[in-house]
Amino acid sequence: MARMKFYCDAERCIECNACVTACKNENEVPWGVNRRRVVTIKDGEPGERSLSVACMHCSDAPCAAVCPVDCFYTTDNGVVLHDKNICIGCGYCFYACPFGAPQFPMDGAFASRGKMDKCTFCAGGPEEDNSSAEFIKYGRNRLAEGKLPLCAEMCATKALLAGDADMVSDIYRKRIINRGASVLNWGVSYNNAKLRS
Amino acid sequence: MSKLIKKSGQIKNIDLKVKPVADAINRRAFLKGSSLMAGGAALATTISPVMMKKAQATSTSGANTQQIRTICTHCSVGCGIIAEVQNGVWTGQEPAFDHPFNKGAHCAKGAAIREHGHGERRLKYPTKLVDGKWKKVSWETAINEIGDKLLDIRKTSSPDSVYWLGSAKHSNEQAYLFRKMAGMWGTNNVDHQARICHSTTVAGVANTWGYGAMTNSYNDIHNSKAVLLIGANPAEAHPVALQHIFKAKEENNAPIIVIDPRFTRTAAHADHYLKIRPGTDIPVIWGMLYHIFKNGWEDKEFIRQRVFGMEEIRKEVAKWTPDEVERISGVPVNQVFAAAKAMADNRPGTFIWCMGGTQHTIGNNNTRAYCVFQLALGNMGVSGGGTNIFRGHDNVQGATDLGVLADTLPGYYGLSEGSWKHWARVWDLDYEWIKGQFDNVAYSKDGKEYIGEHDEKDNASHVMNTKGIPVSRWIDGVLEDKDNIAQRENLKAMIFWGHAPNSQTRGVEMKNAMEKLDLLVIVDPYPTASAVMHDRKDGVYLLPAATQMETYGSVTASNRSIQWRDKVIDPLFESLPDHTIMYKLAKKLGVADQLCKNIKVTNDEPLVEDITREINAGMWTIGYTGQTPERLKLHQKNWGTFDFTSLQAEGGAADGDYYGLPWPCWGTGDMKHPGTPNLYDPSKTVAEGGLTFRARFGVEKDGVNLLAEGSFGKDSDIKDGYPEFSGEMLKKLGWWDDLTDSEKTAAEGKNWKTDLSGGIQRVAIKHGCSPYGNAKARAIVWTFPDPVPIHREPLYTSRHDLVEKYPTYEDRKSFWRLPTRYQSIQAKDYSKEFPIILTSGRLVEYEGGGDETRSNAWLAELQQDMFVEMHPRDANNAGVKDGDDVWVEGAENAKVKVKAQVTRRVASGVAFMPFHFAGHFQGKDLKSKYPEGSAPYVLGEAANTAMTYGYDSVTQMQESKCSLCRITKA
Amino acid sequence: MIKPIFRIKIEQLVRPVFLILLLFVILLQNSHAIDTPQQQGISIKNPGSDLWREVRQRDTAIQGTTQIKSVDSNVLINPQADRWTRFRVDKLINIGFIVLGSVIGVILVFFLLRGRVKIEGGLSGNMVFRFHDFERVLHWVLALVFLFLALTGFTLLFGRTLFIPILGHDIFSLLASSSKEGHNLFGPIFMVSLLMMFISFVKRNIYEKGDLTWLLRGGGMIGKSHVTGGFFNMGEKSWYWLVILIGFAISATGLILLFPSFGQGRIIMELSHVIHVFGAIILITVSFGHMYLGTLGTEGTGESMKTGYVDIKWAEAHHDRWAKHCHDNNLVITADEYARLQGKGKVGYEPVSTTAGESGK
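Chains as they are written, first to last, in numbering that gives the first Met the number 0: chain H, 0 to 196; chain B, 0 to 969; chain R, 0 to 360.
If you are wondering where the hints come from, they were derived from the structure by calculation, not from laboratory data.
Straight-line Cα separation of at most 27 Å, BS3-like style, residue types lysine-lysine; simulated pairs:
1. R:68 with B:880
2. H:41 with B:274
3. B:134 with B:587
Isolated chain H, as found in the complex (with noise of 0.2 Å):
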């Protein structure tokens, strides 16, 4: 069976937040919550490298095993989905997570939380497939369509990649390759220039 992965390309990532409104518009998520988000290190200095952040749909997730509701089920495909009829809003899993996936629209009494909203790799949720229910809920389901989520197709450099993990890391590894051969040359401004050739 297929594991469905991101990977984000840092080497191409030029944070341009194209995944982040794909998102946005794919699953019409309203302002103030963000399922997909670009955290740039080093801004403004040499070494900024950005990568495009959320859900990683990890093989052993940390936000299923500490949810105190157990809201959380993996696809066959490994993509990490919850149901939100069940999800009570507790925020533990926003803390399990290390990549702070899970977002909370903050509409309670004492602005508590309300439920958890996180990348589905668009894969909808345990509601019917496609219906309209599961979009008002859980956003579009494209992988039932056979496609793949909006942010990785959005790319501006096919940077983020989603998909099967095998082919994936295919890709990378073509990419890594490809750019290995000029790994002495990155980021030299003079010495080594004659070996740019």
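Dock chains B and R against chain H, hints included.
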């Protein structure tokens, strides 16, 4: 050196037993799946049958989903979009995986384009300002009142008192109609965003070798062995272009060189980064050329055959020693040398620039220097080389080509009598009638004096033939003393048609100008800051225009390809497509019949395809003649058949064409010219898309041959340089009888630009010749203020000590109808009071004036505050911490209140502000002044409120990349 | 542990790596000097590799910048998340079970072995007033709220392991949801009660001479020697301070957890959560002891909180100094007097001196 070049060839040939590297980027087989079950074959084996269950009746992907093809409206890359519409509602957006420009990719704006179907903050109905309050009116009322006022102004002042400010976001058809309408009205006071964006590029580049557009294409960068970017930040302004640049970087090991005052996101992915003081492009480019000449790296053969005037350049370049370069620009020699060597060693290399280079008083010098650099290296007219100019808005290229400019008619024909007569023929109108529409005044040829009624003997230029006021100076058209303006009266009415005000400088004066007008009309999908930045109580009309998603037509991408958009949804609320509004207004003004004489009109909407055909009938200069609506639609339907790198269709219905038939697409549509993917490339025949440099500047200068020597296009019957083609020339060459009889009738006494049958072009091409001649590019433009591009300090410079050696121009009494100051401003040293250099630029989430994108919640959430980037040293000096509110005071005493972003991106002594914000003015929040429900989600200060006076010496481009300011804690 | 996102098969890499090395060697042969002025170069190795080395170390949260404004949105990876998750899932729940279960077990065993601690010589019937209405109401409010919080807290901590197999996901979700809301609502009530409890009893819980001895002798449980105590003996004082201090910790962390909108990051939340749960478990565990002692464990203790009066013999047994004080101040009332007070419905406020010669009706 050649040994080393060969090595990279070897790298590619090593069989690493992996799939071809093209797959690294082409995920088509892997990811295609935009139609229900079509693609995703790889996927099918890996997804369980349960997941693949077909959609239900209530699904979002039902059988009644239309898939409509259109093009993004946010920048000139021209990314393809597949819009999914159900029952007239825009419900989904799919990536266009087989579109040759973007392969389904987008940036934040393109990925959010479906919001155009929501349009919550749109201008919903025609609105009028009555006693300080916005009142809804009907279209009839609005058009009637506006029309009456315009006609009144025409009578009491003159037609020149109305300013028609057009848009780079119009489709080609709308832009053309707009320019035509200004002509029908009788004024040359018509312009659009190109003025403040790439006008210096067009002027500088066209005057170097013939056409002022991107010479190759984004896709052609795949073939580049080096990429140099100066004053360009595609990571934020053209993100999808990075896809192509990365391909060069990763597959060709192309070094990426970025020259910019800021360490931009593009610089973060570059191999060489040169930090320059804003406004010092010439020192750096000449500094690079210094090393190239010194080491003999220039392409001498290319220069001999195809370049005029390089000797003069050598003399100027010799002055730019490494020490002088470093002294002026701040870039040390090793970096300049490394960059020069990288470009010299890795040919062909491409040269990219944007606003960083163009928005200066010496913008035309900069752009020409860039061209000269590429000429010196022989990087012109080759695949992978060229000057790849990234234009801004989605159709700024088209609007420029179609002449929405104060100094020309469609097709760059200019404003001479011959030009008007040509277009009179195309428009099927009486030339005298058109002339009669203009004010009957004239000026002496040097434009320096105002003369009363037109008088032939005084050698005067009729106002029909003189350049109008450019958009960058429209406020002076209102505020300047009318005796100093080369037209009868001041501007009284301003029509902002698809153009924001906050992209022009001197905001405080603009507010005054807006208040002095008799009439202010805004035609836009959004109110824009024009609706709120002034304190008027009446005389303002807002007309809701439909976006390009709600109409259809063609659009020209930066690489000159023309793409056809289909209509996604009907116009929202009460908005109307621009061409419908134009027709309604023309009806009221009494010029509708002339405007659409040969254009079918149904329910006040001119037929778009008829407009396209009229464009095809008249735009011979740049070859907009072969791109018929039928061919363009065919390309759109078959955009998947075009090759990713060469853009040529291999098989399929458009076999042999280049995608979008990039202009020049010579001859009539029947000739089926495939378009010209790379300009000036003699390795192909003209019929296959090859070209030579244009013979535009005469055949000889100072005794030197201006025509090409020994260089000519493939299969050219003339094996040397030749001038542009005319009927006479065909007769001399003995090719006259190749014309058909009807072509002969049309071509008699005409040339390749004015022969409406296209016969001259057809015959020239038949003999392998470029219709516009085969000449040398000229490195010196003897008609410009600085024939050899030289460095001049900005008007507001931080290095006043350099003004003596590098002064700006003398003040001019009348330039584009207005007095224009240079020296009198630079004379004063502002650098003590205003010690920080202020520059401006783009953000990826927003576009242009910003009201449209800031009204899109998905984008607005990502940039909620206007800010200024400042260096930690300057922040500490001002006692400012990251996130504090600060006042940025410009050198002309306008100030803006913004948040401080303390970062090392900018150098110490330099500050950067994005220019997309509007809705605050000098600390005041104007949200309440917007019409109900149409204020954008995010408001902020406009950077250009604080930007200062300064205009290019040829095109009046504003100098918004180097001014001065001081920053204090608020 | 978070497993790596993709695996590269080693054998697939061997050839490309070899070829790259070969290339490296070849290219090195071709280096030659360029004559140019000023040779010093600026050589920056790929800055990305330093960056990722830093990120991989993962000891602290890697902070960057982002356009999204949200809690911790600029943190790339939070390394604590994993530690906290494993702690909660693998250790905390088990610790909780063990601690709570074993304390119940210990108390049970203790009861079976030792039985109820009776007063020597039995209760006399002569009562002395101990707690006002207000104090008793406060105690019960606090106790009930505390129990409620404990139960709802347990539901959230142990519910998944214990209840889902019985109730199923949907019903348990309802239960957990109401537990969460209830827990959130009663938390502040607990805090207020705790504060009032603190104010009411603090003076009587200050350390006095002899308290340490009491403690060291296990309150008399260890050996038979007599221990001395005031109004409150050291046992009760210890319990008091435990409640106050740990209660304070639980309240503070509870507030932090309750209001996530003040931008506190996950690391603070995780830490608060651990302190909150630990504190709660300790408090609940010791409260078992308190509840046991107050009911089954010792004779005569429960009355203090039910009626406000205690038998003087009880006082002499457990709080000898206070008993002496009562005797000295004629605060002891007879059984008849007590009965009269009870009959009249008044929950005794004015103690009547036995020496005053008051006789029953």
